[in-house]
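Enquirer: Sequence:
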Amino acid sequence: MIFKGKVAVVTGTSRGIGRAIVEEFVSLGANVACISKNADLLNRLQAELGASQDQLKTYSCDVSNPELVNTTIKQIVADFGKIDILVNNAGVKGQDKLAMQTSDSDWTTVLNTNLNGAFYISRAVYKYMVKNKCGRIINLSSILGTTGRAGQIAYTTSKAGLIGMTKTLAQELAARGVTCNAILPGYIDTDMNADLPETLKETLVSRIPVKRYGEVKEVAKLAAFLAGPDSAYITGQSFLIDGGLSLS
Numbered sequence: 000m001i002f003k004g005k006v007a008v009v010t011g012t013s014r015g016i017g018r019a020i021v022e023e024f025v026s027l028g029a030n031v032a033c034i035s036k037n038a039d040l041l042n043r044l045q046a047e048l049g050a051s052q053d054q055l056k057t058y059s060c061d062v063s064n065p066e067l068v069n070t071t072i073k074q075i076v077a078d079f080g081k082i083d084i085l086v087n088n089a090g091v092k093g094q095d096k097l098a099m100q101t102s103d104s105d106w107t108t109v110l111n112t113n114l115n116g117a118f119y120i121s122r123a124v125y126k127y128m129v130k131n132k133c134g135r136i137i138n139l140s141s142i143l144g145t146t147g148r149a150g151q152i153a154y155t156t157s158k159a160g161l162i163g164m165t166k167t168l169a170q171e172l173a174a175r176g177v178t179c180n181a182i183l184p185g186y187i188d189t190d191m192n193a194d195l196p197e198t199l200k201e202t203l204v205s206r207i208p209v210k211r212y213g214e215v216k217e218v219a220k221l222a223a224f225l226a227g228p229d230s231a232y233i234t235g236q237s238f239l240i241d242g243g244l245s246l247s
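Here numbering that gives the first Met the number 0 is used: the first residue of the sequence shown is 0, the next is one more, and so on.
Honestly, the hints are just simulated from the structure, not real lab data.
C-beta atoms are modelled at their ideal positions from N, C-alpha and C, and glycine is treated no differently.
Careful, some of the hints might be misleading.
Said to hold, decoys possible - Listed next, the in silico DSS-like pairs over lysine-lysine satisfying Cα-Cα at most 27 Å (straight line): (1) Lys220 x Lys92; (2) Lys130 x Lys81; (3) Lys220 x Lys200; (4) Lys92 x Lys210; (5) Lys132 x Lys166; (6) Lys126 x Lys3; (7) Lys210 x Lys126; (8) Lys132 x Lys220; (9) Lys3 x Lys92; (10) Lys56 x Lys73; (11) Lys130 x Lys3; (12) Lys73 x Lys166; (13) Lys216 x Lys166; (14) Lys81 x Lys166; (15) Lys36 x Lys132; (16) Lys200 x Lys56; (17) Lys56 x Lys81; (18) Lys81 x Lys3; (19) Lys96 x Lys3; (20) Lys210 x Lys132; (21) Lys56 x Lys3; (22) Lys56 x Lys126; (23) Lys220 x Lys3; (24) Lys132 x Lys81; (25) Lys220 x Lys56; (26) Lys216 x Lys126; (27) Lys130 x Lys166; (28) Lys130 x Lys73; (29) Lys36 x Lys220; (30) Lys3 x Lys200; (31) Lys200 x Lys216; (32) Lys3 x Lys132; (33) Lys220 x Lys166; (34) Lys81 x Lys36.
Claimed, not checked - Cβ pair distances, simulated, as ranges: (35) Gly28 x Thr108: 14 to 24 Å; (36) Leu246 x Asp53: 40 to 50 Å; (37) Gly4 x Asp194: 38 to 48 Å; (38) Ala38 x Ala193: 14 to 24 Å; (39) Pro65 x Lys220: 23 to 33 Å; (40) Ala46 x Ala173: 14 to 24 Å.
Could you build all of it, start to finish, from the sequences and the hints given here?
Expert: Written out as structure tokens, the structure is:
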């Protein structure tokens, strides 16, 4: 129970990687505050995990709304007393469009959630971690934040921005006992990738040296390590978890 007595805030927890991270943290003894826009899925998460309400609480919050973020973080601190770990996982993919076809709305919808949301949450949590002189911030970026991808200008820009934000926060917070790192998943078996055509999936798998998609639990295990005591000397880093795709 390496997280016993620790309080973790995880955004985008209703499914996929976020849900897997919550499950992993709960199994390691953490008290977890789950943030998502979808209240119904949050309620289902609470019921399905079977964790006590003392250990797991859910909060419906749109992370792209800074005022709502500030209110939610204050409520979490009131409920749990502190925040030790933050995982910025909330994200949307947006529509596949060439840059010249991307509308202002297409752009801002993705950037507001993926990048602005992570900033708003981190800013709100910042002072509590500094006060305790201890903390872990983990940002879920993507391999596409390093490579780009035609047709996903907003998504790839948001994920590249998270890498830059990670490095800056790491520099600002290191002397205060807080680390900040990013996880860059490759192709993971999630709902976000489920709607890809089978022929495209086969092509993608053929490019991955380990010849399969990653599993959400594998990303969750990495998040748990970066949130734990053994990662205290690691900060400002971006960890690819892509089955070797970046090598090809």
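Enquirer: Look at each hint and say if it fits the structure.
Expert: These are the hints, each one checked on the structure:
1. Lys220 x Lys92: Since the Cα atoms of Lys220 and Lys92 sit roughly 23 Å apart, the hinted pair holds (cutoff 27 Å).
2. Lys130 x Lys81: holds, 10 Å
3. Lys220 x Lys200: Status holds; Cα separation ~24 Å.
4. Lys92 x Lys210: This hinted pair holds, its Cα atoms lying about 24 Å apart.
5. Lys132 x Lys166: Distance of about 19 Å is within 27 Å: holds.
6. Lys126 x Lys3: Distance of about 22 Å is within 27 Å: holds.
7. Lys210 x Lys126: violated, 43 Å
8. Lys132 x Lys220: holds, 25 Å
9. Lys3 x Lys92: The hint is violated at about 34 Å.
10. Lys56 x Lys73: holds, 14 Å
11. Lys130 x Lys3: holds, 20 Å
12. Lys73 x Lys166: holds, 26 Å
13. Lys216 x Lys166: holds, 25 Å
14. Lys81 x Lys166: holds, 24 Å
15. Lys36 x Lys132: violated, 30 Å
16. Lys200 x Lys56: Not satisfied, since the Cα-Cα distance of roughly 36 Å exceeds 27 Å.
17. Lys56 x Lys81: Holds, at roughly 14 Å.
18. Lys81 x Lys3: Given pair Lys81, Lys3 holds - Cα atoms ~13 Å apart, limit 27 Å.
19. Lys96 x Lys3: violated, 45 Å
20. Lys210 x Lys132: violated, 42 Å
21. Lys56 x Lys3: holds, 16 Å
22. Lys56 x Lys126: holds, 21 Å
23. Lys220 x Lys3: holds, 16 Å
24. Lys132 x Lys81: holds, 12 Å
25. Lys220 x Lys56: holds, 21 Å
26. Lys216 x Lys126: violated, 30 Å
27. Lys130 x Lys166: holds, 21 Å
28. Lys130 x Lys73: holds, 14 Å
29. Lys36 x Lys220: Within the cut-off at roughly 24 Å; holds.
30. Lys3 x Lys200: Given that 27 Å is the threshold and the Cα spacing comes to 40 Å, the pair is violated.
31. Lys200 x Lys216: It holds: about 20 Å lies between the C-alpha atoms, which stays within 27 Å.
32. Lys3 x Lys132: The given pair, whose Cα atoms are some 18 Å apart, holds under the 27 Å limit.
33. Lys220 x Lys166: Distance ~22 Å between Lys220 and Lys166 Cα, so the pair holds.
34. Lys81 x Lys36: holds, 22 Å
35. Gly28 x Thr108: 14 to 24 Å: Violated - the Cβ-Cβ distance for Gly28 and Thr108, about 37 Å, lies outside 14 to 24 Å.
36. Leu246 x Asp53: 40 to 50 Å: Because 45 Å falls inside the window, the suggested range holds.
37. Gly4 x Asp194: 38 to 48 Å: holds, 40 Å
38. Ala38 x Ala193: 14 to 24 Å: With a Cβ separation near 23 Å, Ala38 and Ala193 satisfy 14 to 24 Å, so the hint holds.
39. Pro65 x Lys220: 23 to 33 Å: holds, 32 Å
40. Ala46 x Ala173: 14 to 24 Å: violated, 40 Å
The structure fails to meet hints 7, 9, 15, 16, 19, 20, 26, 30, 35 and 40 from the earlier list, while all remaining hints are met.
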